[in-house]
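Residue numbers (our numbering), protein chains in the order written: chain F, 967 to 1066; chain L, 13 to 272.
Fair warning: there could be bad hints in the mix.
[What the hints assert, rightly or not] Each computed SDA-like pair below joins lysine to any residue, with the alpha-carbon atoms no more than 25 angstroms apart: (1) L:K168 x F:T1038; (2) F:K990 x L:D257; (3) F:K990 x F:G1010; (4) F:K968 x L:V176; (5) L:K168 x F:I980.
FYI, nobody ran anything at the bench for these hints, they're computed from the structure.
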Amino acid sequence: MKILTCPLNGPRNIAEFTYGGQVKPMPNPTEATDQEWAHYVFYGDNHIGVVREWWMHTPSSYWFIVERHNQTDEVMRTYDPAELFDPGASPATEPVEADS
Amino acid sequence: MPSLNLDPAGLPILAGLWHLDGATARHDAVAWGYAKGATQRGVELHQLTEVTGVDIEAGRVTGVQTNRGKVSCGCVVQAVSGLSAEVSRMAGFQLPIVAYPLQAMVTQPVKPFLDPHVSSSALHCYVHQTSRGEIVIGGGSDPYPLYGTRSTLELKEGLIASAVEMFPFMSEMRLMRQWAGITDMTSDYSPIMGLSPVENYYLDAGWGTWGFKATPICGVTMAEVVASGGKVPDLIAPFSLDRFDAFRQVNEMGATAASH
Ligand SMILES: Cc1cc2nc3c(=O)[nH]c(=O)nc-3n(C[C@H](O)[C@H](O)[C@H](O)COP(=O)(O)OP(=O)(O)OC[C@H]3O[C@@H](n4cnc5c(N)ncnc54)[C@H](O)[C@@H]3O)c2cc1C
Chain F
967 MKILTCPLNG PRNIAEFTYG GQVKPMPNPT EATDQEWAHY VFYGDNHIGV VREWWMHTPS
1027 SYWFIVERHN QTDEVMRTYD PAELFDPGAS PATEPVEADS
Chain L
13 MPSLNLDPAG LPILAGLWHL DGATARHDAV AWGYAKGATQ RGVELHQLTE VTGVDIEAGR
73 VTGVQTNRGK VSCGCVVQAV SGLSAEVSRM AGFQLPIVAY PLQAMVTQPV KPFLDPHVSS
133 SALHCYVHQT SRGEIVIGGG SDPYPLYGTR STLELKEGLI ASAVEMFPFM SEMRLMRQWA
193 GITDMTSDYS PIMGLSPVEN YYLDAGWGTW GFKATPICGV TMAEVVASGG KVPDLIAPFS
253 LDRFDAFRQV NEMGATAASH
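This is chain F alone, in the form it adopts within the complex:
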């Protein structure tokens, strides 16, 4: 079994987790054009390399961030979203810098 380390619950079987998509900057929903919004919803950088993703520990409904190589399936790091997002800020205005 593959083990993923949840920042809240520690190392757990991968079957306890739900994948939630790549972390990508969300345009401001009230200002974005339909096309910008469509791009945000449907497109992503599906390039081979290290990707930053949302994952949830399903039994505890806890969402966190995983940095994973999407070809070797090696997990580099898992951490709480507070490292990327200021909990007090509006999500619409919080840009996320992608690194690879």
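With the hints as your guide, set chain L with the ligand onto chain F.
Chain L with the ligand in isolation, oriented as in the chain F frame:
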């Protein structure tokens, strides 16, 4: 269906759907059959030749770079399934495609007992017996994206549990092989066919988990696109790349992709 368990996993089978014109085919034999037919008609196939770059001048493709040198061309049809997003990057644009592994496995051969292909949409598992007697077991995609073709224990355990629910005697059998392919998934489970942001660069991508059965009509239709210099036949107009920009997704998931 003699050995089928009519009460699998406490989900009794109340009715079944008999797909009269459904059939299975040996996919490798079909691919080699096409390769043979095409080369006899003058098509050159270059094996072990990987496209590593795409040359574009003033919005038009003029050639592709490969590990064996450059090939000039009048147009390109990109049909690289799991690597669709990677290759389109070489041509300078993104595709709304995510790569997910799809796994399957084969048991040791046994005497013929199963003629039709049996699929349970409740268990998300299909079972059929090949002409060599092996039993092929397959089902849903991996739970998260990956550009790798490793097999996982989790998928095997889940699929075998479902297959044994359907045909309990299979618990006595042994697995012989397992494999995975990288599938090019779109958010509406439908392909992307036709034009791309590069003028003479055509797409046949996003077939995901169900592109085998569409191969013949894809070939004919993409040949029409090439021969007409980029005129898109009505048949594939709904599958255009720009449907995503207009939130015009194709409503096909239940009909074709989920269970086959
Ligand atoms: C386990 C499994 C079970 C499946 N079961 C079914 C089923 O029951 N029914 C069904 O209809 N479909 C099924 N499919 C899906 C089906 O196999 C695919 O949709 C179909 O093969 C895609 O065809 P294609 O011609 O688009 O791509 P492929 O047949 O994958 O061909 C793409 C080709 O592009 C080449 N390529 C990639 N990158 C490059 C590059 N940079 N340069 C040069 N060449 C490149 C690859 O080597 C490959 O030969 C299954 C798939 C899997 C993995």
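Now for the hints, and whether the structure bears them out:
no.	hint	result
1	L:K168 x F:T1038	holds, 19 angstroms
2	F:K990 x L:D257	holds, 18 angstroms
3	F:K990 x F:G1010	holds, 8 angstroms
4	F:K968 x L:V176	holds, 24 angstroms
5	L:K168 x F:I980	holds, 14 angstroms
Going down the numbered hints, you'll see the structure goes against none, and every one checks out.
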